[in-house]
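A.B. asks: Listed below, chain by chain, are the residues.
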Amino acid sequence: MSLSLATLAAIVAMMAATYACRAGGYLLFTRIRPTPFLRSVLAYIPGGIFMSYVTPALVHGGLPSWAGAAVTVGAMVATRSLVAGIFLGTAATWAVWLLR
Amino acid sequence: MNQPVTFTWAGFRKGVRLSVPLLIGTAPFGVVCGIVAQGAGLSYLETFLMSGLVYAGSAQLVALATWTHPASALAAGFAAFVVNLRLALMGPVLAPWFDRLRGWRLWASLFVMADQNWALGVRAMNAGERDAAQLLGTGVPMLLTWVATSMLGRVLGAGLRPAPGHPIFFAALAVFICMLVTLWRGARDLLPWGVAGAVAVATARLLPHTSWYIVAGALAGSLAGAIRDRMQA
Numbered sequence: 035m036s037l038s039l040a041t042l043a044a045i046v047a048m049m050a051a052t053y054a055c056r057a058g059g060y061l062l063f064t065r066i067r068p069t070p071f072l073r074s075v076l077a078y079i080p081g082g083i084f085m086s087y088v089t090p091a092l093v094h095g096g097l098p099s100w101a102g103a104a105v106t107v108g109a110m111v112a113t114r115s116l117v118a119g120i121f122l123g124t125a126a127t128w129a130v131w132l133l134r
Numbered sequence: 003m004n005q006p007v008t009f010t011w012a013g014f015r016k017g018v019r020l021s022v023p024l025l026i027g028t029a030p031f032g033v034v035c036g037i038v039a040q041g042a043g044l045s046y047l048e049t050f051l052m053s054g055l056v057y058a059g060s061a062q063l064v065a066l067a068t069w070t071h072p073a074s075a076l077a078a079g080f081a082a083f084v085v086n087l088r089l090a091l092m093g094p095v096l097a098p099w100f101d102r103l104r105g106w107r108l109w110a111s112l113f114v115m116a117d118q119n120w121a122l123g124v125r126a127m128n129a130g131e132r133d134a135a136q137l138l139g140t141g142v143p144m145l146l147t148w149v150a151t152s153m154l155g156r157v158l159g160a161g162l163r164p165a166p167g168h169p170i171f172f173a174a175l176a177v178f179i180c181m182l183v184t185l186w187r188g189a190r191d192l193l194p195w196g197v198a199g200a201v202a203v204a205t206a207r208l209l210p211h212t213s214w215y216i217v218a219g220a221l222a223g224s225l226a227g228a229i230r231d232r233m234q235a
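Chains A and B are the protein sequences, given in the same order. This note's numbering applies: residue 35 is where the first sequence begins, and numbers increase by one. This note's numbering applies: residue 3 is where the second sequence begins, and numbers increase by one.
If you are wondering where the hints come from, they were derived from the structure by calculation, not from laboratory data. It is possible that part of the hints are untrue.
Chain B regions said to be covered by chain A (calculated; three or more residues, Cβ under 8 angstroms) [what the hints assert, rightly or not]:
(1) 42-49
(2) 89-99
(3) 104-114
(4) 228-235
From chain B, some residues computed to sit far from chain A (all C-beta separations above 12 angstroms) [as the list claims (entries may be wrong)]:
(5) P6
(6) R163
(7) S213
Think of the CB as a built atom: it goes at the ideal place given N, C-alpha and C, for glycine as much as any other residue.
With these hints in hand, go ahead and build the complete structure from the sequences.
C.D. replies: Quick look at the structure:
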C-alpha cells in the first residue's frame, strides 16, 4: 500500500489533463467552432495513437508478437468481441513464445 | 428539441440498465490495465487512484508503457492529454444535454463520459431522449467496473509476477489492435496509420524509454491524413 509522491503527482497530472479534454473540449468547442482542418486532425488521432503504440512494440517483440497480432485481428474481424481478441491474441503470443 | 431536458433519478436508473452490455467491454480492458500497472511497479493504492481519478484506459496504458520511478508528471500528463484529445470533440456533440445542466450534474456527467457511453448517449439523444441523467447512469457503473477490474488485474499481476517481456503483456497490445480493427474506415486510413507507425518506430529508436514516440507518431500520422484530405478536397 505504498504511495510515492512522484507517482501521485503524475496521476494528478494525468487526471487534470484528461478532465481538461473531457470538460474543456465541451466548454471550448461549443463557443468556438473548430476549423475543418483541426477537426480532421483530431479525428485521425485515435488511430495514430494506437498505431504508434503497437508498431514499435511489434518490431521489438518479434515473431510471438506478430503471430499474436495476426490472431487478434482475425479474432476481432470474425467475432467483433474485445474479449475474444485479447484472449486469443495473448494465448497465441504465449504459445509461440513457449515453442521458440 | 421541443421538450425540455430533464435530469431525473428514473433517467439515471435507465442508464444503469443500459450500461450492462458496455460493462462486458470494459472489464477485460480493466484487467489488462491492472496487469500492466503491476508490471510498471504501481502499488495497489496507486493503481486504484489512477483508475478512479484518470478513468481513461488508453491514456493509462500509454503512460504506463514508459512509466519511470520516480514518475514524471510532465510525461504522464502530456501523454494523457494527447491520447484524450478525442474526448474534446465528443463533449460538444452532447451539447443539447450538457447546455441544460448546472453544477455537479454537468461536471459529473463530463467526468464519466467515455467512448462507449458517449456513443450510447448520442444515439439516445438523437432518438429523442430528454433525460440527461442517462449519461451519468451509464457512466457510473462503467467507472466502478473499471476500478474493480483494474484492481483484479493488479492482483493477478502480483500472483503471476511476470518478468518484463513476458507474453502476458501482449494483452495491452491486443487491446489496441482490437481498437484499430474497430476504427478502420477503409483505404483512407492507410496513409495516416502508416506514417504514425513509421514515425513511432523511428522516434522510439532516437528517444528510447520515453513516451514521445507515441505523441510524435500520432501527431505526424494525423497531420498527414488531414493534409492529404485537404489536398484532395
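A.B. asks: Against this structure, judge whether each hint is valid.
C.D. replies: Evaluation of the provided hints:
no., hint, verdict
1, 42-49, "holds (count 5)"
2, 89-99, "holds (count 8)"
3, 104-114, "holds (count 3)"
4, 228-235, "holds (count 3)"
5, P6, "holds (19 angstroms)"
6, R163, "holds (16 angstroms)"
7, S213, "violated (9 angstroms)"
The structure fails hint 7 only (numbered hints given earlier).
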